[in-house]
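K.L.:
Both chains are given apart, each in its own frame, so use the hints to dock them into the complex.
Those protein sequences? They're chains A and B, same order as listed. Residue 0 is where the first sequence starts when you use numbering that gives the first Met the number 0, and the numbers rise one by one after that. Residue 0 is where the second sequence starts when you use numbering that gives the first Met the number 0, and the numbers rise one by one after that.
Be aware that a few hints might be false.
Calculated cross-link-like contacts (lysine-lysine; reagent style DSS-like; alpha-carbon spacing at most 27 Å) [said to hold, decoys possible]:
1) K24(B) x K211(B)
2) K210(B) x K72(B)
3) K141(A) x K91(A)
4) K211(B) x K72(B)
5) K72(B) x K108(A)
6) K140(A) x K24(B)
7) K60(A) x K76(B)
8) K31(A) x K108(A)
9) K31(A) x K60(A)
Note that these hints are calculated values from the structure, not bench results.
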Amino acid sequence: MRFSLLVLLLYSCLLSHPHTFIEVYPKVKIDKEKRINITYKFDEMTSSMLIMELDANMNGKIDTNENRFIKREYFSMFKPYNYYVFIFSNNKKLPTKPENFKATIENEKLCYSFDIFYNGKLQDLYLEFGDPDLYSALVLKKHFIDAPNISTKVTNVDKDFYFVAKMEFQ
Amino acid sequence: MYNELIRLITQWQYELNRFIASNIKELKDESSLSTSLLIIAVAFIYGLVHAAGPGHGKALVAFYFTSNQSDYKKAFKMGYLISLFHAVSALVFTFGIYFIIEKMFTKNFQAFSEIAMSISAVMIILVGIYLLYEVYAHSKEKEQVIKKTAKSELMVAFSAGGVPCPGVMTIVLFCIVLGQYTLGILSAVAMSIGMGLTISLAGVFSIALNKKIGGALNKYAYVLQAFGALLVISLGVVLLLAQSQ
Numbered sequence: 000m001r002f003s004l005l006v007l008l009l010y011s012c013l014l015s016h017p018h019t020f021i022e023v024y025p026k027v028k029i030d031k032e033k034r035i036n037i038t039y040k041f042d043e044m045t046s047s048m049l050i051m052e053l054d055a056n057m058n059g060k061i062d063t064n065e066n067r068f069i070k071r072e073y074f075s076m077f078k079p080y081n082y083y084v085f086i087f088s089n090n091k092k093l094p095t096k097p098e099n100f101k102a103t104i105e106n107e108k109l110c111y112s113f114d115i116f117y118n119g120k121l122q123d124l125y126l127e128f129g130d131p132d133l134y135s136a137l138v139l140k141k142h143f144i145d146a147p148n149i150s151t152k153v154t155n156v157d158k159d160f161y162f163v164a165k166m167e168f169q
Numbered sequence: 000m001y002n003e004l005i006r007l008i009t010q011w012q013y014e015l016n017r018f019i020a021s022n023i024k025e026l027k028d029e030s031s032l033s034t035s036l037l038i039i040a041v042a043f044i045y046g047l048v049h050a051a052g053p054g055h056g057k058a059l060v061a062f063y064f065t066s067n068q069s070d071y072k073k074a075f076k077m078g079y080l081i082s083l084f085h086a087v088s089a090l091v092f093t094f095g096i097y098f099i100i101e102k103m104f105t106k107n108f109q110a111f112s113e114i115a116m117s118i119s120a121v122m123i124i125l126v127g128i129y130l131l132y133e134v135y136a137h138s139k140e141k142e143q144v145i146k147k148t149a150k151s152e153l154m155v156a157f158s159a160g161g162v163p164c165p166g167v168m169t170i171v172l173f174c175i176v177l178g179q180y181t182l183g184i185l186s187a188v189a190m191s192i193g194m195g196l197t198i199s200l201a202g203v204f205s206i207a208l209n210k211k212i213g214g215a216l217n218k219y220a221y222v223l224q225a226f227g228a229l230l231v232i233s234l235g236v237v238l239l240l241a242q243s244q
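With the rest of the complex left out, here is chain B (with noise of 0.2 Å):
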């Protein structure tokens, strides 16, 4: 059953891909207002598809909010924070490439991505070891709820979201071949904003889990989220083993 959502979510990539691509290649005139926004509200809903796939931090957001009795506005809170953080990357990074670097795009970018990749992998390892930290801090408070501090929200959403999406990118590097660079800069944010949205759902699931079993294992809060922080060091470590392979 995951699979064939997986080949469906595929499919309405394939066509969306398409959707999009011969849109803004017939649209000359960025004053077509109609058809530009067209083009951006189908990169939000690519986006909202793209991040339902494999990928793109849905298990490190679970995995933070596997043991915290946050509310749900933390998770749309971190979806956005994900979501800005996708759109600076990829804009960065494209612009970086094409205009700095100018040739080999698709080589140079697969150097620096790796080289993201690796950072994004021992940032989430540091989180992991911060949300540690934070659980034996508070071990001696009669509150079983650890609060979660901006600090580690942010650190959560830049590992996430640093990693500039290849799906974003080329957007915004088609956009720029055909001279829509308004198009491909509100095309990225659209894009990243759905996938934000639905990178927000993964804490959303993860959290109503935790409040529906949370009451039954209040005595055990501690260890709960020992073992979500010990989940995110995990992630990380998987992800930077496979980097270094």
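Pulled out of the complex, with its shape left as it was, chain A reads as follows (with noise of 0.2 Å):
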């Protein structure tokens, strides 16, 4: 196993580096059930690319069977790296459990937008968002937020081998 783990950090380190941007839009809904809104949106040559795929009848939108195929083939692929979020709860690691996942077509680039639900205090809670892999290159800036009456801090975090950006609550 520590073998294993080992190999694949010293193959991170020698053959990743960003491939993909993907900038991250959080959006954060007050309400009963807590929804963090989570749209991806992919840079422009990488998403002509996957909508060149995706996008089957070439009608310049996503369509419910390709988002269909798009959930099963494509973003189940994120599922490894934990769709690229992780969940922190009191400095713990909560699953990643993404819901109501929608492929849409914005400006010519392509976009994931999926939620999550959180139950407690909202100032337990920070999202980290990384590929551990460095394959794709996470983006957040704070203007990306849209959390009506919230305040909410961005910063990088060292994680040895990877950076994460850290949205937190305040």
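P.N.:
Here it is as structure tokens:
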């Protein structure tokens, strides 16, 4: 096990470097369910490649069938990477269970949108966005966050072999 | 400090990627020479920065030159050879997948690159074994310097550059989709040359280090050369093991 981890670690250092850039747009809605909607917006070059193959009928939008296909064949590929979002409550890591997945095309960019739900106090929660394999770079800026009446903070955190964008609630 | 550098490199790449994409999209006419040249120049810088991150065979090149008293020209020659292989492999893969297989680009690319990576890892091991053989073959000679053969240089360059870079492929495909074929090819070449230059610097650094400590360790030249070969072999083994997981 340790050997496997070492190999993977060395491998990620030897081969990885970001090829895909994903902008992260979190939207926080305070209601009974405490829903946090996260939208991943792919860079233009990656988007053009993905749209070419995912918008099968080439009508410029993602239809229901295409959405189902993307969720099954493409979004599921993010699962081993925790869907690039690590959720912590009171510094304890929670499992990432994305719901209501929806793929869209906005301004020629491919977007993946999904919800996560959290029942605890928002102040105890923080999210970390990143790819431990460094294949994708997750970009989160303060003005990407849509959280009315909620104060948030964004920092870059060094995880030894990769970086995460940390989003905290205050 | 290393991680901060990686973060900066990533940030620059993000900006360069956006710049290239928006300029290519705005370029309606390939005869707009100034914009085309700007895109090619930025693609070169993108390649330079892109290869500065982890990967792209810098470790292989550094290990290759660990114990060889080569001159700096060799490192740049290696960089250019790697550029050549990088550009050719990216263009062949992209045009091949796009025009022959036509669909499922990313999935096919992933499958092809896994095969290419395994082949590359095996080649790296073979390079290491060949370097060990060279040490053995020269061990009875008086001269303590083993001249690197063109064959081993080519093998190293092919191992590092033969696996197409997804970054280069993405630019090429983006240009193909927008009908900018010539620009796609030239951008791929420019980006590959940029990457080759950065990779060369890993070799230059290794040679400089070798020159600095080489005098003191002259008596152990063969041991050092064997050590360099073993590092190359272990690099290949790590890559192969990771591919099989």
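K.L.:
K60(A) and K76(B) were given as a pair; does the straight-line alpha-carbon distance stay at or below 27 Å?
P.N.:
violated, 48 Å
K.L.:
So if I understand the rule, the pair passes when the alpha-carbon distance is 27 Å or less; does K140(A) with K24(B) pass?
P.N.:
holds, 25 Å
K.L.:
Please verify whether K211(B) and K72(B) have alpha carbons no more than 27 Å apart.
P.N.:
With Cα atoms ~17 Å apart, K211(B) and K72(B) stay inside 27 Å; holds.
K.L.:
Does K91(A) lie within 27 Å of K141(A) when you go C-alpha to C-alpha?
P.N.:
Since the Cα atoms of K141(A) and K91(A) sit roughly 24 Å apart, the hinted pair holds (cutoff 27 Å).
K.L.:
For the pair we were handed, K31(A) and K60(A), check the Cα-Cα distance against 27 Å.
P.N.:
violated, 32 Å
K.L.:
Hint check: K210(B) vs K72(B), CA-CA at most 27 Å. Holds or violated?
P.N.:
Holds - the C-alpha atoms of K72(B) and K210(B) are around 14 Å apart, at most 27 Å.
K.L.:
For K24(B) and K211(B), compute the direct alpha-carbon distance and say whether it is at most 27 Å.
P.N.:
The given pair, whose Cα atoms are some 49 Å apart, is violated under the 27 Å limit.
K.L.:
Below or equal to 27 Å on CA atoms is what counts here, so check K72(B) against K108(A).
P.N.:
violated, 44 Å
K.L.:
Next pair to validate is K31(A) with K108(A); report whether the Cα-Cα distance is within 27 Å.
P.N.:
violated, 32 Å
Hint check: violations occur at hints 1, 5, 7, 8, 9; the rest are consistent with the structure.
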